[in-house]
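Sequences are here, hints too, so could you generate the full structure?
The residues making up each chain are set out below.
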Amino acid sequence: MKSVAVFVVLCLGFVNANLKCEHKIPDIPQAWIDMDNSCTNVVRDHVLEELKAALQYLAMGAHFSRDQINRPGFANLFFKAASEEREHAIKLIHYLLMRGQLTSGVTGLINNYKLAPNVTVWTSGSSALKDALNLEASVTSKIRELIKVCEAAPAFNDYHLVDYLTGDFLTEQYEGQRDLAGKLSTLEKMTGQHGELGEFLFDKELL
Amino acid sequence: MKVVLAVFAAILAVASAAEECYTDVVETCNNPSLKQEGVLTKCDAQYGGIVSAESDLQKLANSLIHRSFDFLLMATHYGNYIKNRPGFEKLFRGLSDDLWEDGIESVKYITSRGGQMNFKNVHESLAADAGSLELYELHSMSKALDIEKSLAKQVFDLHKETANHRVDHYDPEIGHHLEEKFMGKQKETIRKLAGHAKDLGNLLNEERDPSLALYLFDQYLQK
Ligand SMILES: [Fe+2]
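Those protein sequences? They're chains A and B, same order as listed.
Counted from 1, the first sequence has number 114 at position 114 by the working numbering; the numbering is strictly sequential.
Counted from 1, the second sequence has number 136 at position 136 by the working numbering; the numbering is strictly sequential.
Hints may be right or wrong, so weigh each one.
To be verified - Derived BS3-like pairs: lysine-lysine, alpha-carbon spacing no greater than 30 Å straight-line:
(1) A:Lys24 - B:Lys198
(2) B:Lys108 - A:Lys91
(3) A:Lys130 - A:Lys142
(4) B:Lys120 - A:Lys114
(5) A:Lys130 - A:Lys80
(6) B:Lys59 - A:Lys114
(7) A:Lys52 - B:Lys181
(8) B:Lys108 - A:Lys130
(9) B:Lys59 - A:Lys80
(10) B:Lys153 - B:Lys181
(11) A:Lys52 - B:Lys185
(12) B:Lys90 - A:Lys80
(13) B:Lys160 - B:Lys181
(14) A:Lys189 - B:Lys35
(15) A:Lys114 - B:Lys149
(16) B:Lys153 - A:Lys114
(17) B:Lys90 - A:Lys114
(18) B:Lys120 - A:Lys80
(19) B:Lys192 - B:Lys149
(20) A:Lys130 - B:Lys120
(21) B:Lys187 - B:Lys149
(22) B:Lys153 - A:Lys52
(23) B:Lys108 - A:Lys183
(24) A:Lys80 - B:Lys149
(25) A:Lys142 - B:Lys120
(26) A:Lys52 - B:Lys59
(27) A:Lys91 - B:Lys181
(28) B:Lys108 - B:Lys185
(29) B:Lys35 - A:Lys204
(30) A:Lys204 - B:Lys42
(31) A:Lys91 - B:Lys185
(32) A:Lys114 - B:Lys181
(33) A:Lys91 - B:Lys192
(34) B:Lys120 - B:Lys160
(35) A:Lys183 - A:Lys130
(36) B:Lys120 - B:Lys185
(37) B:Lys108 - A:Lys204
(38) A:Lys24 - B:Lys192
(39) B:Lys59 - A:Lys91
(40) B:Lys108 - A:Lys114
In short, the hints are calculated from the structure, not lab data.
This is the structure in structure tokens:
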């Protein structure tokens with residue numbers, strides 16, 4: 001409320017005595033907003049997790065794009081994955097908006113300084129695929145934790161959100177993990193005897 | 001024979017900086033211990049001013065990514081049921097999507113010139129700007145305009161660096177990249193946002209409650 005008052009004063013003082021910068025806050029019943037805070041908070045936190053994954057994939061894309069690494073197929077795979085992770089974050093935001101959430105504390109939803117990836121160099125395509133698979137596994141287990149919290153929320157079992165997380169998010173996790181594991185398996189077999197040539201050929205498959 | 005080759009390689013190294021990679025290959029192929037390591041260190045994609053511009057290019061890429069998230073949060077604020085302004089939400093989400101794509105393209109560009117990305121190399125202007133993104137309509141429009149102008153300034157500053165005629169800075173290819181990928185688009189975006197801010201300012205400059213004007217303006221933004 002105080003900040004609203006400051007805004008009004010700023011508007012009136014700076015720009016024009018008649019400028020109406022703010023509008024009234026409507027009075028809307030709250031009974032439909034039924035998400036439990038414990039559940040809301042873990043979903044909010046997970047938005048950041050998805051964006052962390054996006055930046056981690058972006059770092060992988062950057063690494064494999066380098067002239068001294070030159071694996072455009074791997075880079076392509078990881079750049080695409082980065083944008084997909086960002087889409088996951090946006091899907092969660094849209095879900096929260098649909099449930100009447102995010103009317104406050106929106107600015108704190110994303111902390112840019114927590115996003116920068118720590119690992120930015122990989123010894124081979126195979127080591128990056130392993131990291132990607134482990135990253136997905138850790139996201140999967142975090143989604144399972146979300147489901148647990150939202151099922152056991154003090155207010156009520158939030159089965160609508162749980163259904164969404166299970167049907168939409170977990171399906172994508174399991175399909176994505178299978179895909180990465182399959183790629184890694186093929187690559188490992190190709191590089192077993194043929195090393196560099198195996199990775200070179202596999203990279204072109206990913207273009 | 002070996003001596004002759006070594007002298008030959010030395011002459012090559014001195015005579016021609018432009019044949020660094022070739023010299024590297026000749027040296028490595030003729031030296032048993034280097035051959036065993038099998039690493040060519042001078043066959044990279046770097047030329048022109050990339051080494052001196054790399055850090056600023058990293059900062060630009062990070063600014064684009066960071067600002068894309070700022071716009072995503074501004075869109076989110078307008079998507080909640082209290083604000084309920086799908087036009088503003090669409091506008092800011094569009095700006096977010098554009099900057100995200102530009103960020104990825106900038107990372108690719110750095111590597112196309114033989115550089116590396118560093119996600120922790122952040123421009124000073126970002127650290128100084130940590131205010132709330134949950135703003136009233138006119139405020140959010142002015143914020144968006146300022147953000148786009150700050151990005152345009154970063155592009156101009158970098159362009160100026162690459163036009164510096166010191167040998168290790170001059171790089172018209174980077175300048176060309178900045179002109180082609182950013183300048184036209186930024187001009188359009190800045191003009192559009194300035195127009196919106198001006199219109200909104202005029203519409204809200206009345207004795208009446210601004211709610212209807214904001215509603216109509218939001219309808220217009222949805223188109
Ligand atoms: Fe994800």
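Verification of the hints:
no.	hint	in the structure
1	A:Lys24 - B:Lys198	holds, 22 Å
2	B:Lys108 - A:Lys91	holds, 26 Å
3	A:Lys130 - A:Lys142	holds, 18 Å
4	B:Lys120 - A:Lys114	holds, 10 Å
5	A:Lys130 - A:Lys80	holds, 17 Å
6	B:Lys59 - A:Lys114	holds, 16 Å
7	A:Lys52 - B:Lys181	holds, 26 Å
8	B:Lys108 - A:Lys130	holds, 23 Å
9	B:Lys59 - A:Lys80	holds, 22 Å
10	B:Lys153 - B:Lys181	holds, 14 Å
11	A:Lys52 - B:Lys185	holds, 28 Å
12	B:Lys90 - A:Lys80	holds, 23 Å
13	B:Lys160 - B:Lys181	holds, 16 Å
14	A:Lys189 - B:Lys35	holds, 27 Å
15	A:Lys114 - B:Lys149	holds, 25 Å
16	B:Lys153 - A:Lys114	holds, 26 Å
17	B:Lys90 - A:Lys114	holds, 26 Å
18	B:Lys120 - A:Lys80	holds, 22 Å
19	B:Lys192 - B:Lys149	holds, 12 Å
20	A:Lys130 - B:Lys120	holds, 24 Å
21	B:Lys187 - B:Lys149	holds, 9 Å
22	B:Lys153 - A:Lys52	holds, 28 Å
23	B:Lys108 - A:Lys183	holds, 23 Å
24	A:Lys80 - B:Lys149	holds, 29 Å
25	A:Lys142 - B:Lys120	holds, 26 Å
26	A:Lys52 - B:Lys59	holds, 18 Å
27	A:Lys91 - B:Lys181	holds, 29 Å
28	B:Lys108 - B:Lys185	holds, 19 Å
29	B:Lys35 - A:Lys204	holds, 27 Å
30	A:Lys204 - B:Lys42	holds, 25 Å
31	A:Lys91 - B:Lys185	holds, 28 Å
32	A:Lys114 - B:Lys181	holds, 28 Å
33	A:Lys91 - B:Lys192	holds, 28 Å
34	B:Lys120 - B:Lys160	holds, 24 Å
35	A:Lys183 - A:Lys130	holds, 10 Å
36	B:Lys120 - B:Lys185	holds, 26 Å
37	B:Lys108 - A:Lys204	holds, 18 Å
38	A:Lys24 - B:Lys192	holds, 27 Å
39	B:Lys59 - A:Lys91	holds, 28 Å
40	B:Lys108 - A:Lys114	holds, 22 Å
In the structure shown, no violation is registered for any of the earlier numbered hints.
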